[in-house]
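Once you've looked at the hints, dock chain Y against the given chain R.
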Amino acid sequence: MKRSTFLKSLVALGFSTIIGSTGVIAGESPDLEAMVKAGTLPPLNERLPEIPLMLPVVDEIGQYGGTLRRAFLGPGDHNNYTRAVYDALVRYAPDGSQIVPHIAAGWESNENFTEWIIRLRPGAKWSDGTPFNADDIMFWYDNILMNQELMPGGVGWMKNGDGSLASVQKLSDYLVKWTYKQPNTAFLLNMANLDGADKSISNLVFVPAHYLKQFHPDHTSKASLDAKVKAAGFDTWTQLFAVEALPHLSGNRPGMAAWVPDGTTVSDQVFTIKRNPYFVGVDPQGNQLPYIDEIRFTFFADKEALNLAAVAGEIDFQGRHINMSSYPVLKENENNANYRVVTWPTFGGSDAVVMLNQTWIGPEGEYFRNKNFRIALSHAIDRDAIKELAFFGLGEARQGVPAPFHPYYPGDEYAFRYTEFNPEESSAMLDKVLPNKNSDGHRLMSNGQVLDIEIGVVPQFGAWTDIAQLIVENWAEVGVKAHVEVRERAQHFSMRPANELMSEVWNEDTTGFPFSGQPKFDPRSDPALTFAPLVAKWYASGGKEGQAPPAEIKRLVDIIDEAKTSGRNRQIALAKELFQIWADNVWEIGTVGMTPMIQGVLVANDKLRNVPAVAGNDWPLRTPGDTRLEQYFYSR
Amino acid sequence: MLIYIIKRLLLLPFLLLIFSVIAFLLIQAPPGDFLTSYIAELAASGSSMERAQIDALRALYGLDQPMYLQYFKWMGRILTGDLGVSLDWQRPISELIGERMGLTLALGLGTFVFTWLIAIPIGIFSATRKYSFFDYFFTVFNYFGVATPTFMTALVLMWIAFKYYGVSVTGLFSAEYIDAPWSWDRVVDLLQHLWLPVVILGLDGTARLARVMRANLLDELKKPYMEMARAKGLSEWHLVMKYPVRLAMNPLISTIGWYLPLIFSGSVIVATVMNLPTIGPMLLRALISQDMFLAGTIILFYMMLAVVGTLISDILLAWLDPRIRLDEE
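Here the protein sequences come in this chain order: R and Y. The first sequence stops at residue 636 when you use this note's numbering, and every number in between is there. The second sequence stops at residue 329 when you use this note's numbering, and every number in between is there.
You can trust all of the hints, since none of them are fake.
Derived lysine to aspartate or glutamate pairs resembling EDC-like cross-links, with alpha carbons at most 16 Å apart:
#1 K181/R with E111/R
#2 K159/R with E562/R
#3 K73/Y with D235/R
#4 K576/R with D558/R
#5 K213/R with D142/R
#6 K177/R with E108/R
#7 K130/Y with E236/Y
#8 K163/Y with E332/R
#9 K371/R with E552/R
#10 K371/R with E425/R
#11 K163/Y with E334/R
#12 K170/R with D135/R
#13 K331/R with D606/R
#14 K437/R with E477/R
#15 K230/R with D82/Y
#16 K230/R with E95/Y
#17 K163/Y with E314/R
#18 K607/R with E334/R
Where chain R lies over chain Y, by a calculated footprint (3+ residues, C-beta under 8 Å):
#19 26-36
#20 42-56
#21 74-88
#22 154-162
#23 263-273
Facing chain Y, a subset of chain R residues (Cβ under 8 Å, in silico):
#24 M151
#25 L308
#26 A490
Rather than coming from a laboratory, the hints here were simulated on the basis of the structure. Remember, it's a predicted structure, so these values are computed and weren't measured experimentally. Backbone N, C-alpha and C fix where the C-beta goes; we use that ideal spot for every residue, glycine too.
Excised from the complex, chain Y in its bound form:
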């Protein structure tokens, strides 16, 4: 097991190196560069620039250099622990990501906990009372949850909040707390704003997860060992919780690994619509404005999380399900 983990960890730098090239190529793939999109943005405000000034800016940002040189410059900086400066924000990338990291984590983990707390009981309930009224109710509810795009839910809820309560529920803080230093009041203010995006983001995940849980559990409930245990007089509650639920959780556990990058990237559209100061909208903006160093760094970060997350999944699965064995020659 330990050797397996070490092997996987040793592979990490090589994977990331390959990923970084792919990320850089992807970001460079659309036509134009940061200045093309900058000029487009100027035109949106009615302004425009002389060619000489644009060329001067291009030289200033080093965008006139060949792509491989730009890549080496970027990679060279990352390897020395310096993430560089965003073209768009004109601020160090580490600072930009850093200040959004905490809130992104809070939102991601909040959503994760909410999803699991709601989805698993619903899944168990539906499976054990198959074709009952509640099963149908949750089934319909879940289909709505899966079918409605989350940004749509967000827009509808935002409009309802405004229409009936006269408040706009965007952002994660009230105006007076946006820039304030951390305090107990600020945390309370954050929690007052955080629940809505958590519910919106959670609904989608809950629906999916509950369906998966229900289906898995149904498979298990049909198995002969259940009859056997029942015959031996085990209480129904005890019976269901002890074996089938644990086994049915298996596929869910294996997705924890994917969930890690998803915590940071899964809410891009909702976070944009709801104006949440998380990393997702920043990536979206960086991609649109072709701010390649910022976008590249965020994507690289996501990739790293995916690799680490998969590793965590594998370890958890091995621990949870004795049928899984890691071949060590």
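For reference, chain R alone in the conformation it holds in the complex:
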């Protein structure tokens, strides 16, 4: 299939499902119905767009009502909200395989992917009833992106190859065109992540212009703006704007998502988002979504207390902050506490990898850069023991490449390369690289010192400290000395780009999405992983500082850049090559992958329906947002 035909068929697919649902506006929540009767809300057909968004249901058509109880860890946990609403123009499908229309009705591109047109829904409205149209995107472009005070650096996805910004034009009230200087096939992938995530206005692409004008100096008087800034306690208008532009920080800003904040924010003890009476989505029978009235996020200062609340059945649906180590105790209490445990494994990758710093300055660096040394270390690891002890037998021993069902899967020979436990072969290989040992049996470097690998660990998602300790013991058997250094998260993160970490244990969770966002195998990503911090510096400084990458690492970067301008088939071929290089070079030594470690152990209220049994699970998909919470419901 030609690239353009592939994309056109995608567009057609999007449209056909939508057109199939026109005219069948059937039902709405009884609460809203009462408001319509009382005359405080316009009737449903005036609230929905001409062509509503049809969201398929997983099991059955639902019933209205109920509160979905979730838990969150305070102001830093804003993405708990982002993941629940997944408020973007286009979205990833539940399995992560493709992009589907959402708030926007669809898109088109020209033959060579330099121009993209986003098609909005005539008649769509913000949660306060104000029409939503092209001006809301143009306000973002003219007043946020182009404002030097708000966005001095611009954003990556809007940049042309030469560093200038792409242009955005309003073609009509419902058509907006992006023009790039070069082909851009990552456009939709990026668009699917512009949902106001994080605490950053740089992840927006559409905003309620009518609301934000009162906080922008181009649209309001300096005196009134200054007064607002002062009343909120801020120093500059930009600080206030950065809060008011995001629903979860503002609390009052109108939104397009299925649920909008009721005045509370992520800084409150209880953050509640309530049904948006103007939400553009309907179920296949034409009933307005969402089914569930509101989502309540209750604050927990401590993750363990949150897990206890889950065990006690006080959380209705959540995978975030549920520790994988809670899995057995959650299962044990499934029946008494009226919930069920669902597991959604990741998209591949490895859930604990040891990354060896390729740009380490010390004498150890010479060995880290020796491929045979890395292969030998990989063969020395008993992955089955790690799987049993740290992952309850879930997942499989593998390198950090996508899952077998993913189009980017490079093949078994790469997924399992160098993963068999073979201490003899490992020792034999190491004897060629580091033949000398001291009296304790530790291998010595050429300078006569013991090679001692420090494995930096942040106890983050899984039992990484235990895993690192198991690896230390495994390596000791082949004469390689190593030790574990557990650090506080922020400290560890500040050591990464400073090239102060010799090695670290982390996970590989962006393997399904190497060409958008900040993939972990792109050495330019930020936060850069320990894999090659000085190469990151080299790219960032235009070759003035840091270290020039060797050919294999440079090839990774070239692949990623080329794939962003290539059609789908070429993208797939490039992705496979990327992961072949990645697995073959063992810069990171994969252990066990495809487990539900990353937010993939979920509790779901027994009565909650339309929760899929399997789902794509990763941050770019905003899991569980990609599974369409709008169509979840409580059966009575």
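This is chain Y only, laid out in the frame that chain R set:
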């Protein structure tokens, strides 16, 4: 006495100024800044940010300025009575601290009263019936109380509450009262939740205090004036309560001053584990996320309480124990 108090009060602003510099330096000591920890937090949810965006945020929050400028900005605001905005919460600091102040006080004072009400009678009882069964019983009990970390007690009790009663006893309010305006029902709900953290926090303090009371009282009971009074026919109860207990309380009174800041800071870990909306967990979080203005303000507040508390101790001691004299030239 009055002159002494005035002197001490005059010294206060200078002390606080020095403390503020120390507090600010301490908070800035760990590597990185608020954004470093913010990025670390993003990575925890799988997200990440471009360098340009991070730099833009750093400029937005003024974190790209030299440290002394940031300090002056912070201090300047505090001196004008404006505590500024928390980087993490994006809300005025006065509001954040204010809404937690009442509950923190309730918890702290509740614990204080509980501790004293239990510890002093136990101390007296143990001392007057030295080496009796009850003395040994309380001794063992007290050692457990001192040796067990309070967060551990909290976790164990929380698990027992869940295991046998099927309830999770976190927080200070039931779900429906968390955000509700104050009412009689809400107060009742608060009291129903408050007793457990008070007991947990109190156990540790009770054990310590009872030991101190016992030891002090034993010292006093051996003194000759006791024999004398006994010989004169004073009843044992009257005798013990009138002099030795009062004297034995002396070291306890002198710790009231330390107790003032402790009311606010002493329960950080337990309050975090039990999910109590008090100031302690907020400080812990502010330190972890390097939200320096919020952390600095809370620490400064603690320091101020310590200074005031010490002053109160001194005054109380002077009043209680005639042997203490304040030299006034």
